[in-house]
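Chains E and F, in that order, are what the protein sequence lines are.
This note's numbering puts the first residue of the first sequence at 1, with every later residue one more than the last.
This note's numbering puts the first residue of the second sequence at 1, with every later residue one more than the last.
Be a bit skeptical, because a hint or two may be false.
[Claimed, not checked] Derived DEER-like restraints, expressed as beta-carbon distance ranges:
id, chain 1, residue 1, chain 2, residue 2, range
1, F, Asn113, E, Val105, 24 to 32 Å
2, E, Glu241, F, Asn113, 38 to 46 Å
3, E, Leu10, F, Ile16, 23 to 31 Å
It should be emphasised that the hints constitute simulated quantities derived from the structure, not laboratory data.
These figures come from a predicted structure and were not determined experimentally.
Note that the Cβ used here is the ideal one computed from N, Cα and C, for glycine as well.
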Amino acid sequence: MKHFLTFVALVFFGLFLALFVRRNQNPENDSRPTLRIYAASSFIKQWGPGPWLKEKFESTCDCVVEYHDAADSVSLIQRVKSEPKNKSVDLVLGFDQYDLEMAQVGLDWKNVKVDPQQFEEPVRPLLSRTSFTPYDWGVLAFIGHRNADKSLPSNTDDLLAPEYASNISLQDPRTSSTGLQFLLWLIQVKGEEKAFEYLQKFNSQVKAWGANWSLAYGLFQKDQVKLTFSYVTSPVASLKENPQSDIVALPFAEGHPVQYEFLGIPSTCLNCDLAEKFVTLMLSHDGQRVIMDKNYMFPVIKSVTKGTMFEAIPEFKTIDMTVIPNQAERERILKKWSQVRRSE
Amino acid sequence: MFASFIDSVKYVGHLIPVAFLRIFLGYYYLQQALLKFNGDFLARPRLAAQIADILPSLSSPEWYKILVERLVIQHWQGFAFIILGVEFTIAFSYLLGYVVRPVAIMGVVVSLNYLILLGSNTDDLYRTFIAVHLMMAWIGAGRCLGFDYYFFKRRRGLWW
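Start from the sequences and build out the full structure, keeping to the hints where you can.
Structural data, given as structure tokens:
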């Protein structure tokens, strides 16, 4: 026992010493202020809008922009809460409307001042929440391949047709916000009881409930399913990659759910002024254009889509999903969904 | 002590394959620990983020989830240091063949937590690690080509 404890203590002491020496040898000689931004991976990665915004902002701010990524909004909030005070987060990007309640538990947020007149009409009501500002939005729909011979589904009942049996990919609502949107949308348009009755039949049509959007969409891209649940902007992304693409978003008679992405500045921010300036850049015409082009989401600022492929996207009938079930209610719904899946 | 290190080959030579496996595993842990030491494992909450990602879908008991959420995620820097220290401990112990038995139990505990927390992608790896650590502890793998043989010869007991 004595040998073991001494050995462990020695190793830990050695590690501590090595870290101490390394820290003293590499003092951070960059005295510029650091803007620490937490965002979803899709925003930060090379193909997202993050790198452009960072480069543009650093060229004028005499500061360093430091991105920290998280797989989704839940882990984003967890990480913001777990940061030590001396390394406070200055800006958080990537909440959707369902995360805002959770984001406010145990965290205070600064008011972000914006000019409502600049914003697109559908987004303006969301500006009443001064702590969180929307920076892009998207309409969700089923996506399929254009087919000259057969008509494509135009409502939820059409999805139960035998040709779509085991031919649809969706996101798991427990782990994906897109999946949650689908479930809540279904409940809103059909009523809870009928929605779950529908789901019982619909389950056999689903080949896979992917843990996130990219897994579900990946199945569709690999032609392993005929339909998937995604954004109405997905055909634009597909067209950019392949001009011959025949992918279309399917308008449904019931209307479509809308997802908004929000940003927030925690009240514990260290470089709050820089965070506000970064927000101004994000909401500028150029910033919005980059977010639109890289994230394939609609801009919140007026006239950014002019002259782009996004202008050609037909208008989809959306449904008002501003009534957001609270955390407990969502957990109840998800539990019910799990039971329906288990009873397959 | 060094003479007995070589002597062990003569008396417990049948354990050489196990000693080889032990040294290989020690080398693997050393590599992993150095990667973490030279990377940003201690500077960025990567592990906490990974755990936070997987936590909602874990089927482990509620008390474990609460423990992880309130202790590990909240104090991720302390835990990152402990994990790194444990990995270095396992690496040095397996390479030197010193206090292998208790360290192998430590390895089982660490692998078990990794198995629960890091999701299904690494399931097989950590299951295998648990089995190998258990074998190391059971056999007393430090007795061949290791300093444990010196102490085992003189003191006997469960520790060597």
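A quick look at each hint next to the structure:
no.	hint	verdict
1	F:Asn113 - E:Val105: 24 to 32 Å	holds, 27 Å
2	E:Glu241 - F:Asn113: 38 to 46 Å	holds, 41 Å
3	E:Leu10 - F:Ile16: 23 to 31 Å	holds, 28 Å
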